[in-house]
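Go by the hints and put chain B onto chain A.
Number of protein chains: 2
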Amino acid sequence: MKIRRFSTLDSDFQANLKQLLAFETAQDDNIDVVVANILKDVKRRGDEAVLEYTNRFDKTDASQLGELEISQSELVAALEGLPAEQRAALQAAADRVKSYHEKQLMSSWSYTEADGTLLGQQVTSLDRVGLYVPGGKAAYPSSVLMNAIPAKVAGVQELIMVVPTPNGEKNQLVLAAAAVCGVDRVFCIGGAQAVGALAYGTETVPQVDKVVGPGNAYVAAAKRRVFGVVGIDMVAGPSEILVICDGKTDPDWIAMDLFSQAEHDELAQSILLSPDAAFLDQVAASIQRLVEEMPRKDIITTSLTDRGALIHVRDLDEAAEISNYIAPEHLELSVEEPLAFSKKIKHAGAIFMGRDTCEALGDYCAGPNHVLPTSRTARFSSPLGVYDFQKRSSLIMVSSQGAQVLGKIAATLAYGEGLQAHARSAEYRLK
Amino acid sequence: MKIRRFSTLDSDFQANLKQLLAFETAQDDNIDVVVANILKDVKRRGDEAVLEYTNRFDKTDASQLGELEISQSELVAALEGLPAEQRAALQAAADRVKSYHEKQLMSSWSYTEADGTLLGQQVTSLDRVGLYVPGGKAAYPSSVLMNAIPAKVAGVQELIMVVPTPNGEKNQLVLAAAAVCGVDRVFCIGGAQAVGALAYGTETVPQVDKVVGPGNAYVAAAKRRVFGVVGIDMVAGPSEILVICDGKTDPDWIAMDLFSQAEHDELAQSILLSPDAAFLDQVAASIQRLVEEMPRKDIITTSLTDRGALIHVRDLDEAAEISNYIAPEHLELSVEEPLAFSKKIKHAGAIFMGRDTCEALGDYCAGPNHVLPTSRTARFSSPLGVYDFQKRSSLIMVSSQGAQVLGKIAATLAYGEGLQAHARSAEYRLK
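Protein sequence lines, in the order shown, are assigned to chains A and B. Under UniProt numbering, think of the first position of the first sequence as 1, with each following residue one higher. Under UniProt numbering, think of the first position of the second sequence as 1, with each following residue one higher.
Okay, chain A solo, but in the shape it has when bound (with noise of 0.2 Å):
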């Protein structure tokens, strides 16, 4: 395996780094077509349009899409299937994940000015959610549960689950996690249908204010098209991780953090960045070494070779503004002082701190979310959270006095915008 080497002193540096994290998802105009056919048909015939393309595209063979509902017995049964150890492990991550969730629960507040002017900001919980896991290989019970767990601390009433079975298989691992979560209703529905019958409701399936969870093309597309009339999460890119070491982590580690990002899938992006040029040698050593025993040995090859690098920077200072550029989804500090060091962070999606603190520890059960933004979208956007099931309503409730001078105010601004309306409207308050 030929894994990239650069040098920031290398005089093409810049570019060469710009090259390797492009990146743009193709938007491709014949899934967004076949895609916005299915919405407008789900969201005319309900019910009827979601049967027909389940039973097509999944080879099952309902006659009512109330029996492809999954009852809460199933779901706890499936739970307590499980071997002993799993379910421990389930139970133990989810409890982990609830915990450091409810740290961010967002709360009203408000406050009253002298003359009795009370302003402030109302929070409240999103009403019904609908969680979209994805079917076959890539059904993540940890997914489940990073999902479906912020939106139950926030307080969501109602969480719905769509989980696509093709030739009616399930996955037993999930239907256990949402068991675990708490998830209220499961339906066996997926693809571009199961969203649309989530965005606008049908006979069967509620209708919920906002979709979250990963799927395919065709669910990415859905998504966006249903934006507004639903929320959506973060469109997610590959995924990646960036590594700062300081060359004194043992190099198989930091070789199997790097694997444990590009046995994802190809396009998935692992980077390590070292000021110690022999370190990086080690590093690439133990990939040959070990890529021999990964059972996941092609992805992880073609993901290293086409969209990994070894850097070697001058400084770990010169490795964190790298980073800052970066933006990663994932983020290693492998150095000394990692908290100290993480001041220097401005943007990524999650922190990894000390040797022993590895990505995967985050995936499943450190705590904190693992829906992070990938492709850069760190410099804008946050890890999945509490606060993207609640939401806020400005509280204003101005009092008699108050409105003497604030409605000369806003009259005058508003005579001057041209909003007549506007200007009278607080005039007829002024005493």
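No lab work stands behind these hints: they were computed from the structure. Since we're looking at a predicted model, the values are computed, not measured.
Chain B stretches covered by chain A per the calculated footprint, using a threshold of three residues with CB under 8 Å from any CB of chain A: (1) 260-271; (2) 414-425.
Computed list of lysine-lysine pairs in DSSO-like fashion (alpha-carbon distance at most 30 Å, straight line): (3) LYS408(B) <-> LYS297(A); (4) LYS297(A) <-> LYS431(B); (5) LYS18(A) <-> LYS43(B); (6) LYS103(B) <-> LYS103(A); (7) LYS343(B) <-> LYS152(A); (8) LYS152(B) <-> LYS103(B); (9) LYS98(B) <-> LYS103(A); (10) LYS346(B) <-> LYS43(A); (11) LYS103(B) <-> LYS344(A); (12) LYS297(B) <-> LYS408(A); (13) LYS346(A) <-> LYS152(B); (14) LYS103(B) <-> LYS152(A).
Think of the CB as a built atom: it goes at the ideal place given N, C-alpha and C, for glycine as much as any other residue.
Frame of chain A, contents of chain B only:
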């Protein structure tokens, strides 16, 4: 003018209400194609493309894009050139908006578990933000305040405003508002080409991390397209007000409050709910009488006729229920105990409480933001705020002891998902 009258006792009330609220922004495919081409061109040719489109669409005659930048001294001159009363009102509004938004600043947080594991979130501001301000009639200085101040309070280092100046005509109030808010740079460009310049960066216009601010259909389409490359704020629909009144407010006041929304544009929506049928008659009479005095009579008449309604409800509780279904952008509670009543409100952009609190005060100077979720999106979204210009990075520092416990959980779950590198990476940290 004929304004709709409904009663919740009507057998077809639910259907009528649904139809009244029905509004979906038609996504015009022609606009979308034009915008896609402009964006592609700006991305490829930078300054040259922006200059060409600007000279063509805005009938300007610049030979370099730099000529279209407005200097800080010109902004200050605009502010100093305002009539004293207008300048004072602008400054007073800015001060109040700033003071309110400072309450929204989020801070980093973390906690340490018994075994020394640290978890939390680091909060940072966006580096650079683009603010779109429409040219021509809809150029509102208040909109500059409401978008620029939260960004500055959040700590955004560079705020770049774009505003088209067709035929070179500059709106002095808008420039003055930019001066008051400390906008860093202003370019006289607009349309999709301005959004493209901000999103991709050109030789002259720096690339930003997020684009906010209202615009026409071309601007909205461009924002949708660059979403992902940069962050965007919401894509707003027509403005709406819902007034709930117990019948004891001066009907002229309520009529004028409804006008203050209706005068924005023909698609704006004004709805009044009251349990007092006689009061609805009085308001209808006030509307007939007062509309004659309004300079924007035609817009108000069209808006109220096409999209307005006076609705008779059983009681105020039922009004709250209907309001929660509508999830209005602006909600006036013109009732006796507005603060107590506000607890029943689950979904609204802003809640204006009490007879003295007309919406116009909030539009300009009460303090809270006037950029609010429209078209029922208050079910899942919030007013623009400081939080839209800050973002979070998860902090995870697992202690050596913590890694022993978490590593086993993570490995168990990772093997369950078939991700062996994840499992191995966690297991390396086990002693």
